[in-house]
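Residue numbers (the numbering used here), protein chains in the order written: chain A, 1 to 100; chain B, 1 to 173; chain C, 1 to 706.
Treat the hints loosely; a few may be bogus.
Claimed, not checked - Partial chain A-side listing against chain B, Cβ under 8 angstroms, derived:
hint: 1; residue: Tyr6
hint: 2; residue: Gln59
hint: 3; residue: Ile90
Derived from the structure by calculation, the hints contain no laboratory data.
Just so you know, even glycine gets a beta-carbon here, dropped at the ideal spot from N, CA and C.
Now for the letters of each chain:
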Amino acid sequence: MVPVNYYIALSAILFIIGAMGVLVRRNALIIFMSVELMLNAANVALVAFSSANNSLDGQIFVFFIMTVAAAEVAVGLALIVAIFRSKNSINVDEINMLKG
Amino acid sequence: MTVDLILFLILAAVAIATALGMLLSRNAVYSALFLVLNFATVAVFYLLLGAPFIALTQVTVYAGAIMVLFLFVIMLLGTEELPKGEGLNWQKPMAVILAVVLMVEATFLIFVQEPVADLISNSPSADFGGPRAIGELLFSRYLLPFEVTSILLLVAMVGAIVLTLNKKEGGQK
Amino acid sequence: MNFSEAANTGLFFQLAPLLVFLPLTGMLINMIFGGKMSEKAVGTVASLASGSAFVVSVLLAYSLNAVHGELHTIPFAEWIHIGTLQLDWTFRVDSLSTVMMLVVSGVGTLIHIYAIGYMHEDVRFKDDIKRFRRFFVFLNLFIAMMMILVSGDSYLMLFVGWEGVGLCSFLLIGFWYDFDTLGQKSTANAEAGKKAFIANRVGDFGFLLAIFTTFWHFGSLQFDSVFEAATAHPDPVVISAITLFMLIGVTGKSAQVPLYIWLPDAMAGPTPVSALIHAATMVTAGVYLVVRSAPLYSLVHSASYIVAMIGAVTALFAATIAVGQYDIKKVLAYSTISQLGFMVAAVGMGAYVAGIFHLATHAFFKALLFLSAGSIILGMERGHHHLAHGHGDHDDADAHHDEEVFDPGDMRNMGNLRKQMPITFWLYMAGTLALAGIFPFAGFWSKDEILLDAKLHAEHFPGVYWLLSLAAFMTAFYMGRQIWMVFFGKERTEVAKHAEESPPVMTVPLMVLAVLAVFGGALNLPFDGFHNLGHWLEYTIGHVEGLPLDLGVAGISTVLALLAIFFSWLLYGKNPLKEGQPDPLKKPLGFLFTGMENKWFVDEGYKALVITPFEKLAKFLSIDLDWNFWHDWFHDSVLYAGFKWLAKFLSEPVDMGIINAIADKLAEWTQRSSESLRRMQNGFVRSYALSVLLGVVTILGYLLFK
Chain A
1 MVPVNYYIAL SAILFIIGAM GVLVRRNALI IFMSVELMLN AANVALVAFS
51 SANNSLDGQI FVFFIMTVAA AEVAVGLALI VAIFRSKNSI NVDEINMLKG
Chain B
1 MTVDLILFLI LAAVAIATAL GMLLSRNAVY SALFLVLNFA TVAVFYLLLG
51 APFIALTQVT VYAGAIMVLF LFVIMLLGTE ELPKGEGLNW QKPMAVILAV
101 VLMVEATFLI FVQEPVADLI SNSPSADFGG PRAIGELLFS RYLLPFEVTS
151 ILLLVAMVGA IVLTLNKKEG GQK
Chain C
1 MNFSEAANTG LFFQLAPLLV FLPLTGMLIN MIFGGKMSEK AVGTVASLAS
51 GSAFVVSVLL AYSLNAVHGE LHTIPFAEWI HIGTLQLDWT FRVDSLSTVM
101 MLVVSGVGTL IHIYAIGYMH EDVRFKDDIK RFRRFFVFLN LFIAMMMILV
151 SGDSYLMLFV GWEGVGLCSF LLIGFWYDFD TLGQKSTANA EAGKKAFIAN
201 RVGDFGFLLA IFTTFWHFGS LQFDSVFEAA TAHPDPVVIS AITLFMLIGV
251 TGKSAQVPLY IWLPDAMAGP TPVSALIHAA TMVTAGVYLV VRSAPLYSLV
301 HSASYIVAMI GAVTALFAAT IAVGQYDIKK VLAYSTISQL GFMVAAVGMG
351 AYVAGIFHLA THAFFKALLF LSAGSIILGM ERGHHHLAHG HGDHDDADAH
401 HDEEVFDPGD MRNMGNLRKQ MPITFWLYMA GTLALAGIFP FAGFWSKDEI
451 LLDAKLHAEH FPGVYWLLSL AAFMTAFYMG RQIWMVFFGK ERTEVAKHAE
501 ESPPVMTVPL MVLAVLAVFG GALNLPFDGF HNLGHWLEYT IGHVEGLPLD
551 LGVAGISTVL ALLAIFFSWL LYGKNPLKEG QPDPLKKPLG FLFTGMENKW
601 FVDEGYKALV ITPFEKLAKF LSIDLDWNFW HDWFHDSVLY AGFKWLAKFL
651 SEPVDMGIIN AIADKLAEWT QRSSESLRRM QNGFVRSYAL SVLLGVVTIL
701 GYLLFK
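Next up, chain A with everything else stripped away, as it sits in the complex (with noise of 0.2 angstroms):
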């Protein structure tokens, strides 16, 4: 008998580590992969949820949001390949056409 608060809690650990490989990794490849880490961590809030409430919903959220994320890292990874080919690296901090 695990309380919910506690599900909540690991979602939001694992949602901040996520977010920290965004900002303190330089590689694009695991930047991206933090952003699932941070997807996973809210699909844990939504699973807990609809266990809590006896409902299917947050299931199927969580269902979409996978399809989802597979959407995305299919182009993700495509727009980090064609990076690559122009750039020759996934440095992000070589990304900085928009410098000011």
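Place chains B and C on chain A using the hints.
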């Protein structure tokens, strides 16, 4: 302390540890492998929470397909490790500080301000979260979003192909 | 719906705007495509445009007849609506305006056709299709403007057309602005155009004053409402003022004493222009204006008398000058002035039918005379060219420059042309007999009607009859003189021996005009049941007494005319002029003839009385007043220096010190802040993400601890 709680705590420790492992590994391949482990742990959580279908999808789609794709790209590009570069000096400390603040805020929110102390039943009904229940819901109430999802996937597929097409040679077909 | 039904229901009246827009269409076609078209095509387009306007005029006249002359107004466009000022472009179709439309478009079309042949042969025309096109563009514009003039329903629209035809007149008189009549480089024609324009401006100014007075007093410019207001509360002073101001306009446009001086010079334009604008149509606008304003003139006898006297004096005065002229077109020009005098005298006496009748017949025979004169001039030029070419040592282009200047329009160079140009001779004879008023040509009927009216109204308009009779005598005399000098006797130059006949494109329209000149009198014969024009105009100007033939008046005028021709035969026919011999009238008349020859020195008088003082005044104003006082002292010393000081004050302390400093500081501050803000845009995605997270944390914190 019940068995459930102990199991939860162990699994939570594993999940956090693998997430940190992903965050801290120098090598991108290690990161990816840590993430696979993390996703697998999360799948177990799903099982505990009475969502077998989602758990299975998590394993096949996330830990399987997506992460394989990641590994594939890492190896393809040969970017397991980046050369050490001039980082942003204050980026890391700022990130840590913000993370701590966020953590404090989250803890305050979850345990003090809005404590949802509902217990999750350990033995949900047999069919709750099973493929049949999910399927029925998907094809009735969520039929339209479900169909839209298929279009989304198609668009993503076409987009991925277009983006990776080699313009110099493929442009003329 | 068949034709007569359409006429009865007044459907054709809706066509009235086409009167203006058909010629304009022709003009536009020639303007846009004319440069690429052949001469024939350009001429055909222009003639068709004018001809279709004639067809529309005929349709309008036909349907007007079908509805028994009832006035029709066709609103076309709103122009100016301010307060009580309601000015619209409305077409007015009544029996008077249709007569004018028919004359303008009918004679105009014939002249268009003639001009195709004439312009091609003009010595100054050197296969320049652009010039050729320009000529027809102007002609079509003229027709359109004349239509606006005669079809307008208000004094304002009439004035628009009035100014428009003035403009066309100016453009066409100066059409050969770079060559004179003899093909030499000169600006004489441009000067003539200016003279016409300025003389007309004086008249137009009078007309404008009349319009202003009308609006000021009657609050409207629309014909019917003005006449209604005028007859309801006749105020003799105001109406006299309006009519006399209007008379100034008439003397300008219709070339009456004292503003007639521009018309003889206007002969500088190509001959078709002289025929169309300066004989048949435009110059009759003044007569039309008086007839149109008949309700006003009939209210004040003194103004009418002044009009009649001016007409009569002009008729005689111009006729005397015509006797002393040698240029074939100048004779016709003074004759035109004289005949316009007849018309103005007629309408001044209230004999509106006679005036309009003479206007129409005069349009026929004077156009005929002018165009025939053009044919003669071209025939002479052909002969001249033949001679120059026959000698063989010059090519076409500079043949005219090397030799002694030869004037093909000087009657002293002609003689016995009847042999070389038989068609033109017979056509010219028809026109001459009509103008001289010989029975039964058109001029006889119309002139006699005027004379009869003058006789009948002798107690109200004393003197007019005698002046006009004398003018009629002179008319026959100078026309006889012209005929004997041009067509009879011996050739006075080699050129005259080699003159050649003109091509059919020129002679055929002349034949049509000749038929009209011979039978035009049928419009209004002085027998019961034949007062066609009179009855037609009754619809517009009220009841008209159809005058019977007065054998006394007709007999006297015929005898006078025959006598005049006999005298001219005695002087010029019996003993033909020899080469270099002075005019036989010179001896018996002495200084009188010198006066006639030199146009009574009117131009010189104008120069001494008006132009020289005016120039002196202008010089004084420009040099002393404007330059020395106004420019040197006031502008330079007062305005310039004061302004300079003010500018210095404004520029240095005010502008540089305050305004510029504010702008500078603002710019500096913006630059500095942007430089510091720029650091935020460092291009690192991660730090942007950090900002996002910072935002999340802050907002969450705010929500939690608020």
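Quick rundown of the hints versus the structure:
1. Below 8 angstroms, beta-carbon pairs count as interface contacts, and A/Tyr6 has one with chain B at about 6 angstroms; its hint therefore holds.
2. Here the hint on A/Gln59 is kept, as its CB sits about 5 angstroms from the closest CB of chain B, short of 8 angstroms.
3. Hint status for A/Ile90: holds, given a least beta-carbon distance of 5 angstroms to chain B, under 8 angstroms.
Of the hints listed earlier, there is not a single one the structure fails to meet.
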